[in-house]
Amino acid sequence: MDFDLIAHLRQAFMDLGEKGGLLIADSVRLSFGVDYFLKKVSNLAPMKRLFVVDHVAAFPYGHNISCMNVFASSFGRHFSETIKLGPTCMPEIAGETDDIHKVLNYPYNGIIEAKYFNGFFRNKKRSIKISFLIRKVTKNFYSKWVKTFDKDLMLRQTKRNWQKVLKKYNIDSSDTLFFPSTDYYGARALLEICNELDKAERPKMHFRFIGVMENAAYGRIQGCTPILNNIKKLIEEGASITISAETPIYCSYLQKLTHLNIIYLAYPLEGQLEPLNWDIDNFKIALPGQGRRDKGYFRFYDIAKFLNRDSKARKFKMLLQGMKLSDPCFNKPYNRILAEIKSLELLPAQLGINALNDIYKKSDILLQPYCTGTYAYRGSAVYQEGIAFGRLFVCSKNTGISNLVQRYGNGLLADTDEDFAKSIIELSKLSKQEVEKKVYNARALYEADFEEGKKLILEGILNG
Amino acid sequence: MAKIAFLDLSFHVKTKSTNFFYDLLATRHDVDTYYLGNDAVSQAKDIASVGYDIIVCFQTDNLVPYFIATGHRVICIPMFDGSGSMSDYYWKFMKQARFVNFSRTLHDRLKRIGMDSMYAQYYLDPSRFTPVEDYSSRRFFFWQRRPEHGLDTKFASKFMMIGDSIHFHNAPDVLSAGDWEPAFGTCSYFNEQNANAYSEALSKSNIFICPRSCEGIGMSMLEALARGMCVIGNDFVTANEYIQNDVDGILVNYADPKFDTLTPTRMQFLGENARTRAIKGYDKWLKIKEDLLFYIETTPRPRISKVSAKTLNEFLINFKNFSDGRETYRKNLRKFSGLQQKLSINDDESSLGKINHWLRRYWLWRRFQSLTKSIYRIF
Chain Z
1 MDFDLIAHLR QAFMDLGEKG GLLIADSVRL SFGVDYFLKK VSNLAPMKRL
51 FVVDHVAAFP YGHNISCMNV FASSFGRHFS ETIKLGPTCM PEIAGETDDI
101 HKVLNYPYNG IIEAKYFNGF FRNKKRSIKI SFLIRKVTKN FYSKWVKTFD
151 KDLMLRQTKR NWQKVLKKYN IDSSDTLFFP STDYYGARAL LEICNELDKA
201 ERPKMHFRFI GVMENAAYGR IQGCTPILNN IKKLIEEGAS ITISAETPIY
251 CSYLQKLTHL NIIYLAYPLE GQLEPLNWDI DNFKIALPGQ GRRDKGYFRF
301 YDIAKFLNRD SKARKFKMLL QGMKLSDPCF NKPYNRILAE IKSLELLPAQ
351 LGINALNDIY KKSDILLQPY CTGTYAYRGS AVYQEGIAFG RLFVCSKNTG
401 ISNLVQRYGN GLLADTDEDF AKSIIELSKL SKQEVEKKVY NARALYEADF
451 EEGKKLILEG ILNG
Chain P
465 MAKIAFLDLS FHVKTKSTNF FYDLLATRHD VDTYYLGNDA VSQAKDIASV
515 GYDIIVCFQT DNLVPYFIAT GHRVICIPMF DGSGSMSDYY WKFMKQARFV
565 NFSRTLHDRL KRIGMDSMYA QYYLDPSRFT PVEDYSSRRF FFWQRRPEHG
615 LDTKFASKFM MIGDSIHFHN APDVLSAGDW EPAFGTCSYF NEQNANAYSE
665 ALSKSNIFIC PRSCEGIGMS MLEALARGMC VIGNDFVTAN EYIQNDVDGI
715 LVNYADPKFD TLTPTRMQFL GENARTRAIK GYDKWLKIKE DLLFYIETTP
765 RPRISKVSAK TLNEFLINFK NFSDGRETYR KNLRKFSGLQ QKLSINDDES
815 SLGKINHWLR RYWLWRRFQS LTKSIYRIF
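Chains Z and P, in that order, give the protein sequences.
If you read the first sequence in this note's numbering, its first letter stands for residue 1, the second for the next number, and so on.
If you read the second sequence in this note's numbering, its first letter stands for residue 465, the second for the next number, and so on.
Hints listed in this document are in silico derivations from the structure and should not be mistaken for laboratory results.
Small disclaimer: the values here were computed from a predicted structure and weren't measured.
Keep in mind that the hints are not guaranteed to be accurate.
[As the list claims (entries may be wrong)] When the alpha-carbon atoms are kept at most 20 Å apart in a straight line, the in silico EDC-like pairs for lysine to aspartate or glutamate are as follows: (1) P:K751 - P:D487; (2) Z:K317 - P:D755; (3) P:K751 - Z:E434; (4) P:K559 - Z:E340; (5) Z:K342 - P:E761.
Chain Z on its own, in the form it takes in the complex (with noise of 0.2 Å):
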C-alpha cells in the first residue's frame, strides 16, 4: 500500500467532512490501509514482550490506569506477552488494576503525594494537613539536595529500581518497553541505564509524551530537555527508540527541539457514541473534571453570567465539579457564589469512573476554559472522553486542545468569557442530525489518526 496515497485519501475525506459529507470509521481505516498493515505487522512481528510503564498511576482518580489498560491492550495484540508496570503505592481498583506489577517506585511525593497518605487518619482534614506536610517535607529535602550537592539523590533512587526490575524481567533486546504517559524520573533513569549498557542489551523504547510529569522534577526547573538529550544520544548511537505525542502542536514543539520524526499518537477510543439528548428547552453543559484554577474554575461564574444575559429564551443547565478542600486555591465564598446559580448543578470534586460518565452522557456541551499557559500544548483526558461519547466542545483558544478541535471539527474556540458564552449559544443553535454528524465525523477521524500513529510506531518498532 502506498502511505502516500493515503494520505491524499486522508485530505479527501477531511475535505468530504468539511462540506457535510458523513465519514464511516470503518471505511475509513480501510481507505488508509491500517488493517491491512496491521495485520502484516503480527504476521511477521518477531517481538517478544512489551512492557507498558507508568510511574505515575498511583491514584484511584485520573487517567494513569485507563491509559496503560487501554494501551496494552490495543498495541499488546501485536506482542506475545503483556506485561503492565506499575508503583508499588498503586491503589487496588477491581477489574482495573488486577493485572499490574507493583514493581516501580513511586518519585513524586513531594509534587502530588500518594493516596497512602491519606489513610493514616479517619479525619479528614488532619490526614489532608499530614499529606500536605509529608509533601512539603519530601519537596524540600529532595530539592535542597539537588541545590547543594547537584545531584539528584530522587533521580539515583529510580535508576536502582529500574535496575532491580529489569533484572527481575530479564529485559533484553527484544523487549518493548512503552511509555503511555512519559515522566521525568521514570524516562530520565532508564535511559541513563540503557546507555550505560551494550546495544544488544538494549530494550526498545517508545515514549509518548503528553506534557504534564515529564517536566517534574525536584530542584531545578529544565523541563524534558535532560530526557530528549538522552534519547537523542541513544538514538545516534543505534538505539530503537520512537516518540510520540499527545497532540500535532507538541509534535511540532518536540520536533523542533529535537529534529527527531515525532509521531502524533492519539487516544484509544473505547466504547461506541452515546446517544445525544440535544433538547431544546434544556440544553446541558458540564465542566468535568476537578476544579482547578487553570482548568477555568474561576472563569465559570463569569461565563454563568454571560450565557444568563444572552441566552434569551433559551435555557441552559450547567454542571461542575468542585474544587479540592486541600487545593491551594479553595476558596469557601466563591463557591457559596456558585451555589446561588439556580441552573447551576455543583458536583464532588472527585468523581468515581461512573459518576463522571453520567456527566457526559447527560451533557450537550462541553467546557474547557483552560488556561492557555498550562495547556499550551497539552491535550486533556476531557476531551478525549467527550470525543468518545460525542460531545461537542468550546475550549480556550492557543492550547493543545484547541489545535485537536479545528482539526476533528467537533466545537467552537473562545477566548475571554464572553465569546464562551456566544460560543455556547451558537453550537445550540445547530439541528441534532448537524451535530451527531460532526461528532460521528470527529471520532471517525480521531480513530483513524489513533491507527496511523500506531501503525508509524509498530513500523519504527519492527525496523529498529
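Model the placement of chain P on the given structure of chain Z, informed by the hints.
Relative to chain Z, chain P alone:
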C-alpha cells in the same frame, strides 16, 4: 422569581430618583418597597421577620450589618454623598454583603478593602428628551438645591460674568424656598400640581450648573447630559466620573470657580459630546442590566455564628445615633468590634489567622506584634 425587599430613604418618595432600580428588580422579581423614616429600627426588625430572599439596601447601608446578622442575603447600594467618607472599619461590618456602586471612586475603594462590588454607570434614556439646538446665546440653568452649602444665587452670579441669562429653580432639599429668593434672573418652584415646571424651564436653557458639589448619582446632571446641554460641574464625585473636562462638559472647583469664555462653537461641541455620551452610556446601561440582575440573584448567603438578640438590639439602637453626626457614629461603632468580627469572618483565613484576629482585640497583643515587627525590620 425571588422575593425582594427594597429599602430606600423616605426622601426619595419625592425625588423618585431610585425608581429606576426598583423597575429593574421588578422585571424579574417580586419586589416590596420600604421607605425608611424615623422609625427605621422597628421597620428593620419587621422586614427581617418577613423572610425575604434578598434585601436590597439603597442608601441605607447602616442597616446592612443587621440584616447580615439575621442571616439575610443583602445587596448594598451606597451613595458617595452619603457614605463616601465612612471609614474602612464601617464597611468591614458588611463584608458578607454584595455592593452595587454607581460611583467609581467608592467602588475602587471598597474593592481595595476586599469587598465584593460591582460598578455600574446609570444613564437616562436620551430619546425621552429633545436635544438642545440653539447654542447662539448663553442661557444658564441653576437648581438652588443646597443653598446652605454655599450653592446659592451668589454662587450662580459668578457664572453670569460669561452668561446672557439665568434661570433659577428655587427648590431647596431641606430649607424653605422663601428664605432663598433670587434677586435676579427668572425663577421656577417645586410644584406638585405642575411636575413639568422643572423640565419646561430646563428645555429653554443650554448651560446647566450642577446643583451639588458632591453627588450620589446626579440625576439632574444626567438629564442635562441627555438633553445635550453644556454641563458645568464640580471637579468631584460623581460629576468627574460622568464628565471629561473640556470634552463633554466643564469641571470647575466650586470653592473657587474659574472658567474660560463660552463661545457658541465650544458650547455646541460640549453639548453634542454630552448627548453622544448619554446615548452610548444608556446603551451600555441596557447591556449591564442583565449582569446586574444576575449579580443580585447570585448573592451568597452569609455565614455567621449566632449573634445574641441583645447585641443586635443595641446595634439597632446605635443606628439611631447616626443623626448625631458621623464622629459619634464611628465612636459608637467601635463598641461593636465583636459583632464586626463575627460578620466579617474570613473563610480563607487559617486557624492561626483566626486566633490572631481574636487576639488583636487586646491591646497588649497589638503592642507585642508591633514590637516584634519593628525588631524584625531592624535586623
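Hint by hint, where does the structure go against what was stated? Just the numbers, ascending. 3
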